[in-house]
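Quick note on numbering: UniProt numbering labels position 224 of the sequence shown as 224, and the sequence is numbered without any gaps.
No lab work stands behind these hints: they were computed from the structure.
Check before you lean on any hint, since a few could be wrong.
As the list claims (entries may be wrong) - Within a straight-line C-alpha distance of at most 25 Å, the following computed DMTMM-like cross-link-like pairs (lysine to aspartate or glutamate) qualify:
{"hint": "1", "residue 1": "Lys4", "residue 2": "Asp31"}
{"hint": "2", "residue 1": "Lys184", "residue 2": "Asp107"}
{"hint": "3", "residue 1": "Lys109", "residue 2": "Asp59"}
{"hint": "4", "residue 1": "Lys188", "residue 2": "Asp212"}
{"hint": "5", "residue 1": "Lys4", "residue 2": "Glu17"}
{"hint": "6", "residue 1": "Lys109", "residue 2": "Glu122"}
{"hint": "7", "residue 1": "Lys188", "residue 2": "Glu117"}
{"hint": "8", "residue 1": "Lys34", "residue 2": "Glu48"}
{"hint": "9", "residue 1": "Lys157", "residue 2": "Asp107"}
{"hint": "10", "residue 1": "Lys188", "residue 2": "Glu17"}
{"hint": "11", "residue 1": "Lys188", "residue 2": "Asp107"}
{"hint": "12", "residue 1": "Lys4", "residue 2": "Glu38"}
{"hint": "13", "residue 1": "Lys112", "residue 2": "Glu50"}
{"hint": "14", "residue 1": "Lys34", "residue 2": "Glu22"}
{"hint": "15", "residue 1": "Lys184", "residue 2": "Glu50"}
{"hint": "16", "residue 1": "Lys188", "residue 2": "Asp31"}
{"hint": "17", "residue 1": "Lys188", "residue 2": "Glu122"}
{"hint": "18", "residue 1": "Lys188", "residue 2": "Glu12"}
{"hint": "19", "residue 1": "Lys11", "residue 2": "Glu22"}
{"hint": "20", "residue 1": "Lys112", "residue 2": "Glu138"}
{"hint": "21", "residue 1": "Lys109", "residue 2": "Glu229"}
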Amino acid sequence: MAKKLSIRQIKERLFAETAPAETWLEELRVDERKGVQELLVRYERIREREAQQLQQFRDMRVYESGFSFPGAQLAGVDEVGRGPLAGPVTAAAVILPVAFELPGLTDSKMLKAEQRELFYNEIVTAGDVGIGMASPEEIDEINIYQASRKAMVRAVKDLVHPPDHLLIDAMDLPLDVPQTPLIKGDAKSVSIAAASVVAKVTRDTYMKTLHDQYPAYRFDRNAGYGTKEHLEALDSLGPCPVHRRSFQPVSAREA
């Protein structure tokens with residue numbers, strides 16, 4: 001019987017990786033110990049949240065299902081890094097398997113860093129992933145909007161399988177591929193959300209390598225965005241080779 005177990009033992013079994021049997025849960029529900037009932041409430045809340053996240057994920061497949069046909073390669077495309085003062089703008093294109101499910105996946109900006117890392121690993125393991133970047137020099141030459149498009153095109157071309165349709169976060173690309181731009185697409189489409197996570201983790205990781213070369217600007221903490229410590233370093237040292245000189249906070253501090 002469940003009540004023969006200590007509360008600690010029940011907790012370990014209840015929250016183990018393997019889901020407990022419903023018959024055992026029924027035994028817990030009639031256990032009069034307060035600690036057991038508190039564990040059950042916590043367990044049910046977690047299960048309810050997981051069910052909601054799974055349903056949200058399936059609801060976000062509406063665009064994918066609308067353009068799918070047997071064997072279709074549908075890619076989500078997104079970019080990150082338009083706003084920073086340094087580093088590249090980075091894009092990802094992702095084709096997810098039809099049966100792939102990742103409850104909780106959404107716009108990368110809504111996820112904690114630990115969640116993004118976990119989701120990134122799941123996505124790159126299961127999906128076809130392409131990465132594209134546009135350098136600070138390209139951003140300065142053609143502007144951030146056009147550089148973002150160029151990074152997205154490179155990401156699509158980096159895919160192993162040529163896509164049959166693109167779902168893109170509020171952008172159209174100069175590619176001969178049918179495409180659907182979606183405003184706030186990273187919160188509406190699982191493919192775009194997956195691309196946003198991959199692009200974000202890829203760029204953040206790259207900015208940490210730039211920190212090793214230019215530690216004074218703390219790219220490992222700010223990813224190139226104009227934080228107070230970043231602007232103070234610009235004031236004292238001026239821009240480094242990876243700064244975007246067409247951005248006013250940088251150009252104003254040129255030596």
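Checked hints:
1. Lys4 x Asp31: Holds, because 10 Å separates the two Cα atoms, which is no more than 25 Å.
2. Lys184 x Asp107: Distance ~9 Å between Lys184 and Asp107 Cα, so the pair holds.
3. Lys109 x Asp59: Roughly 19 Å separates the two Cα atoms, so the pair holds.
4. Lys188 x Asp212: violated, 36 Å
5. Lys4 x Glu17: Distance ~22 Å between Lys4 and Glu17 Cα, so the pair holds.
6. Lys109 x Glu122: holds, 18 Å
7. Lys188 x Glu117: holds, 21 Å
8. Lys34 x Glu48: holds, 21 Å
9. Lys157 x Asp107: holds, 23 Å
10. Lys188 x Glu17: Violated - the C-alpha atoms of Glu17 and Lys188 are around 30 Å apart, more than 25 Å.
11. Lys188 x Asp107: holds, 9 Å
12. Lys4 x Glu38: holds, 17 Å
13. Lys112 x Glu50: Roughly 17 Å between the alpha carbons, so the hint for Lys112 and Glu50 holds.
14. Lys34 x Glu22: holds, 20 Å
15. Lys184 x Glu50: Since the Cα atoms of Lys184 and Glu50 sit roughly 23 Å apart, the hinted pair holds (cutoff 25 Å).
16. Lys188 x Asp31: Roughly 43 Å separates the two Cα atoms, so the pair is violated.
17. Lys188 x Glu122: holds, 19 Å
18. Lys188 x Glu12: Violated, at about 36 Å.
19. Lys11 x Glu22: holds, 15 Å
20. Lys112 x Glu138: Judged against 25 Å, a Cα distance of about 30 Å means the pair is violated.
21. Lys109 x Glu229: Holds - the C-alpha atoms of Glu229 and Lys109 are around 22 Å apart, at most 25 Å.
Hint check: violations occur at hints 4, 10, 16, 18, 20; the rest are consistent with the structure.
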